[in-house]
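*Asks:* The lines below spell out each chain.
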Amino acid sequence: MDTNISFKLKVWRQAGPKEKGHFETYELQDIPTDTSFLEMLDILNEQLVEKGEEPIAFDHDCREGICGMCSLYVNGHPHGPATGATTCQLYMRRFHDGETITVEPWRSAAFPVIKDLMVNRNALDQIQQAGGYVSFNTGGAQDANAIPISKVAADEAMDSASCIGCGACVAACKNGSAMLFVSAKVSQFALLPQGKAEAKKRVKAMLSKMDELGFGNCTNTGACAAECPKNIKLSNISRLNREYICAKLSD
Amino acid sequence: MEEKDKTIQANVPVIDSKIPEGPVAEKWTNYKAHQKLVNPANKRRLDIIVVGTGLAGASAAATLGEMGFNVLNFCIQDSPRRAHSIAAQGGINAAKNYQNDGDSVYRLFYDTVKGGDYRAREANVYRLAEVSNNIIDQCVAQGVPFAREYGGLLANRSFGGAQVSRTFYAKGQTGQQLLLGAYSSLNRQIQMGKVKSYNRYEMHDIVIIDGRARGIIAKNLVTGKLERFAAHAVVIATGGYGNTYFLSTNAMACNCSAAMACYRKGAYFANPAYVQIHPTCIPVHGDKQSKLTLMSESLRNDGRIWVPKDIEDAKKLQSGEIKGSDIPEEKRDYYLERRYPAFGNLVPRDVASRAAKERCDKGYGVNNTGKAVFLDFSEAINRLGIDVIRQRYGNLFDMYEEITDVNPGELANEINGEKYYNPMMIYPAIHYTMGGIWVDYELQTSVKGLFAIGECNFSDHGANRLGASALMQGLADGYFVLPYTIQNYLSDQITVPHFTTDTPEFDEAEKRVQDNLDKLMNIRGKRSVDSIHKELGHIMWDYVGMARTKESLEEALKKLKELRHEFETNLFVPGTQEGMNIELDKAFRLQDFITMGELIAYDALNRNESCGGHFREEHQTEEGEARRDDQNYFYVACWKYNGDDEKAPTLIKEPLEYEAIKVQTRNYKS
Numbered sequence: 010m011d012t013n014i015s016f017k018l019k020v021w022r023q024a025g026p027k028e029k030g031h032f033e034t035y036e037l038q039d040i041p042t043d044t045s046f047l048e049m050l051d052i053l054n055e056q057l058v059e060k061g062e063e064p065i066a067f068d069h070d071c072r073e074g075i076c077g078m079c080s081l082y083v084n085g086h087p088h089g090p091a092t093g094a095t096t097c098q099l100y101m102r103r104f105h106d107g108e109t110i111t112v113e114p115w116r117s118a119a120f121p122v123i124k125d126l127m128v129n130r131n132a133l134d135q136i137q138q139a140g141g142y143v144s145f146n147t148g149g150a151q152d153a154n155a156i157p158i159s160k161v162a163a164d165e166a167m168d169s170a171s172c173i174g175c176g177a178c179v180a181a182c183k184n185g186s187a188m189l190f191v192s193a194k195v196s197q198f199a200l201l202p203q204g205k206a207e208a209k210k211r212v213k214a215m216l217s218k219m220d221e222l223g224f225g226n227c228t229n230t231g232a233c234a235a236e237c238p239k240n241i242k243l244s245n246i247s248r249l250n251r252e253y254i255c256a257k258l259s260d
Numbered sequence: 036m037e038e039k040d041k042t043i044q045a046n047v048p049v050i051d052s053k054i055p056e057g058p059v060a061e062k063w064t065n066y067k068a069h070q071k072l073v074n075p076a077n078k079r080r081l082d083i084i085v086v087g088t089g090l091a092g093a094s095a096a097a098t099l100g101e102m103g104f105n106v107l108n109f110c111i112q113d114s115p116r117r118a119h120s121i122a123a124q125g126g127i128n129a130a131k132n133y134q135n136d137g138d139s140v141y142r143l144f145y146d147t148v149k150g151g152d153y154r155a156r157e158a159n160v161y162r163l164a165e166v167s168n169n170i171i172d173q174c175v176a177q178g179v180p181f182a183r184e185y186g187g188l189l190a191n192r193s194f195g196g197a198q199v200s201r202t203f204y205a206k207g208q209t210g211q212q213l214l215l216g217a218y219s220s221l222n223r224q225i226q227m228g229k230v231k232s233y234n235r236y237e238m239h240d241i242v243i244i245d246g247r248a249r250g251i252i253a254k255n256l257v258t259g260k261l262e263r264f265a266a267h268a269v270v271i272a273t274g275g276y277g278n279t280y281f282l283s284t285n286a287m288a289c290n291c292s293a294a295m296a297c298y299r300k301g302a303y304f305a306n307p308a309y310v311q312i313h314p315t316c317i318p319v320h321g322d323k324q325s326k327l328t329l330m331s332e333s334l335r336n337d338g339r340i341w342v343p344k345d346i347e348d349a350k351k352l353q354s355g356e357i358k359g360s361d362i363p364e365e366k367r368d369y370y371l372e373r374r375y376p377a378f379g380n381l382v383p384r385d386v387a388s389r390a391a392k393e394r395c396d397k398g399y400g401v402n403n404t405g406k407a408v409f410l411d412f413s414e415a416i417n418r419l420g421i422d423v424i425r426q427r428y429g430n431l432f433d434m435y436e437e438i439t440d441v442n443p444g445e446l447a448n449e450i451n452g453e454k455y456y457n458p459m460m461i462y463p464a465i466h467y468t469m470g471g472i473w474v475d476y477e478l479q480t481s482v483k484g485l486f487a488i489g490e491c492n493f494s495d496h497g498a499n500r501l502g503a504s505a506l507m508q509g510l511a512d513g514y515f516v517l518p519y520t521i522q523n524y525l526s527d528q529i530t531v532p533h534f535t536t537d538t539p540e541f542d543e544a545e546k547r548v549q550d551n552l553d554k555l556m557n558i559r560g561k562r563s564v565d566s567i568h569k570e571l572g573h574i575m576w577d578y579v580g581m582a583r584t585k586e587s588l589e590e591a592l593k594k595l596k597e598l599r600h601e602f603e604t605n606l607f608v609p610g611t612q613e614g615m616n617i618e619l620d621k622a623f624r625l626q627d628f629i630t631m632g633e634l635i636a637y638d639a640l641n642r643n644e645s646c647g648g649h650f651r652e653e654h655q656t657e658e659g660e661a662r663r664d665d666q667n668y669f670y671v672a673c674w675k676y677n678g679d680d681e682k683a684p685t686l687i688k689e690p691l692e693y694e695a696i697k698v699q700t701r702n703y704k705s
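Heads up: the protein sequence lines correspond to chains A and B, in order. Okay, so the first sequence: first residue is 10 according to our numbering, each after it adds one. Okay, so the second sequence: first residue is 36 according to our numbering, each after it adds one.
Hints are not guaranteed to be accurate.
To be verified - Calculated lysine-lysine pairs in the BS3-like style (CA-CA distance at most 25 Å, straight line):
1. B:K231 <-> A:K218
2. B:K561 <-> A:K60
3. B:K483 <-> B:K67
4. B:K323 <-> A:K60
5. A:K29 <-> B:K260
6. A:K242 <-> A:K160
7. A:K218 <-> A:K160
8. B:K569 <-> A:K60
9. A:K27 <-> B:K260
10. A:K213 <-> A:K242
11. A:K210 <-> B:K231
12. B:K323 <-> B:K594
13. A:K17 <-> B:K554
14. A:K60 <-> B:K554
15. B:K554 <-> A:K19
16. B:K688 <-> B:K675
Honestly, the hints are just simulated from the structure, not real lab data.
Based on the sequences and whatever the hints tell you, model everything.
*Replies:* Laid out in structure tokens, this is it:
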């Protein structure tokens, strides 16, 4: 557990949204393998600050794999080589001594770069605002046990609801599609009685917002589900398609 | 009356908590029946700023929007959905009594007051227990996928400090699901134009006009520019100050700067010494570590906490000669079950944390640093099978394995036909802060028109918070309490027109913020923000941590003074103020963490007793349990700013008055 590794880090640096970006290479020496990937970046940033240089800007917050803030494209994979984990849950024991590690921001037309490795994912919020909710005002709820919901449906809704909105699916998709993200929310509500009343309106509104914001279409390559840190299943997209067709047919 | 007078020094002013008349169970009903309301046409004329989008902030912003107010909602992250409430794992309490195990509003109220070591305000806690059931109804209606039984009804589990199963949960991601519920309601209001959402904004100051909070100065973290926002009332929902300790389970951006801005503008800061140290975190592994990871308290339902009985075994564990699974059942000391038979592994967090420290201090720690104890699932796996255990805790086991490279569900040894699985290693870490901005019953601070909700206020948890009660409090404040009480304040504001930000008060506040940023940029010393923050963390953990003494606290105050000097003379912030500057933002927060650290130390030094999360070594029983002093410290300690961060604050006391509950010594043994 206590081994140290040294490696080269090729990092995307971009001063601002309108500036031109480039790769910068840094050498890191003797990094303990039980350091997390983001802690490794902290160490590098500390060294940069000591040299009077500006640190690398990257998004991160909870560092427990749940907030969805971290968003690094490491060695060609969103969130790096580990499966079912976010960048913050990636540990240096996944890498080798002497390796060159490439770090880029999410690349997608819908996610403009703000600075270095940080992108603007506001488009995901806008899709949710278009219909990712049950229209219900505080205070008017009936007793929580009034409508029994089968454990199977509840568990499946929970699996869909696990999406952390990080955007790895978009970054992984060659079309830059947000279908997995949209389908996770649509599925959660489609599986629960509370979501039924607005199901048709919801699926149409969220999909049309996705199109409007410059996300691509889905061609079923499955890269999104393969890279999703929360293992959101591709079957959500099938459900989304069913929901959409049903909604359109009843127009 | 005589009894009360004794506890209050004559020369210190007493503050009014505005607790309504009547028996504790009727106070909230009475309040709502008589409070002033704002009619729908007038709500449209009123603007409210809500800073923060965690459970409290998002639920308040959404609900105020639904009611018809114009809401301006700010968050520091790139989306409201990322606030740190999202990381809460275990669950949310409510007094539904769906399990028919004897729960009631009164019992939840009682458990919370007792869990808080009789230092919470009775009336607030009762209201919290009362609205807890509405929260579950509300969240289910929003489509929150709580765990269910096969019959289709909601499932519950038990949590520390309670003898009933009243905790609702959504896998190990309850905070996430509740926050996404509030976020969805918030999104609906954003879509309808009732809430305007400002992401990647950080509040730097409150603007006070004629004694009332009327706006904020916020920094746009992307452009680096300061911006002004005005409103009829300001609500702060910016969480706790756990990151004062550098290493905590808080997210990296969690900070106390908004709360400190309120404090400097006259809002009292209450009970800062009450800091919760969570017993089940993954132990510290090295000096490069950036934060600590919490393992949910729900693990204590099936996990058993132990250290070796023999010191020799402990030494072998520390040197790596043997592993936990090599030690057979009869040589394990399940010290919580031994010391607290009635509650066992489910004692409250402060008790469990101190018990772990006690064993480790005596040399029984189980890892190379000697600062860890085992949390073991062997008995549960043997009883229920690995599948059931994985279903309950699978994601937590995976998380633990990713971080430590050890799989707790893996069969590791068999001794005399008994199967032993890899135990987890855990150690206490800073997790939650019970102290916070002082608020009255209406959640209004000592500044008119300034409200504080969720973790950033002090009100409901006393000296120690029970597990699964933080989510409850955040949502209670945001959905069901503040949207009522704020109207009592706003009802006489309906003739006040929308504000412009073009006033001398805004000019002055912005100038002060700008001057401070200039100051931070121009120190041009040698040290990075993080290096000073780490030093702060060491001072806080070593001298103001789990066990405090008069000497350690005085030493802390001395060291903090030196650290402030170091910060002010030797800080280095690279870059400029144009555009994003993450180091400058961190420097701004660290400046306030230092002031916060001093405030914690002052309060801890003043409170010559042990209660809940505040443990003074001088004040313990022979068995090492906390010894309270109700005669002298049965009050909320409110600290008033004295115009300068370097001056000691003034103590003002809010005496506690218990009507419904008899104050006694906490007992989790029988």
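*Asks:* A separate judgement is required for each hint: does it hold in the structure or not?
*Replies:* Hint check results:
1. With a CA separation close to 19 Å, the supplied pair B:K231 and A:K218 stays within the 25 Å bound.
2. At most 25 Å may separate the alpha-carbon atoms for a hinted pair to count; B:K561 and A:K60 meet this at roughly 10 Å.
3. Between B:K483 and B:K67 the CA atoms are separated by roughly 20 Å; this keeps the pair inside 25 Å, and the hint holds.
4. This hinted pair checks out: B:K323 and A:K60 have alpha carbons roughly 19 Å apart, not beyond 25 Å.
5. The suggested pairing of A:K29 with B:K260 holds, with an alpha-carbon distance near 22 Å, which does not exceed 25 Å.
6. About 19 Å separates the Cα atoms of A:K242 and A:K160, which keeps this hinted pair within 25 Å; it holds.
7. Distance restraint check for A:K218 and A:K160: the Cα-Cα separation of roughly 32 Å exceeds the 25 Å cut-off, and the hinted pair is therefore not satisfied.
8. A C-alpha spacing of about 19 Å is found between B:K569 and A:K60, which places the hinted pair at or below 25 Å, so the restraint holds.
9. At roughly 17 Å between alpha-carbon atoms, A:K27 and B:K260 fall within 25 Å of each other, so this suggested pair holds.
10. Under the criterion of a C-alpha separation no larger than 25 Å, the hint pairing A:K213 with A:K242 is consistent with the structure, at around 21 Å.
11. For the hint linking A:K210 to B:K231, the alpha-carbon distance of about 23 Å falls within 25 Å, and the restraint holds.
12. The suggested pairing of B:K323 with B:K594 holds, with an alpha-carbon distance near 23 Å, which does not exceed 25 Å.
13. A hinted pair counts as satisfied when its Cα atoms are at most 25 Å apart, and A:K17 with B:K554 does not qualify at roughly 36 Å.
14. At most 25 Å may separate the alpha-carbon atoms for a hinted pair to count; A:K60 and B:K554 meet this at roughly 21 Å.
15. Distance restraint check for B:K554 and A:K19: the Cα-Cα separation of roughly 34 Å exceeds the 25 Å cut-off, and the hinted pair is therefore not satisfied.
16. Distance restraint check for B:K688 and B:K675: the Cα-Cα separation of roughly 10 Å lies within the 25 Å cut-off, and the hinted pair is therefore satisfied.
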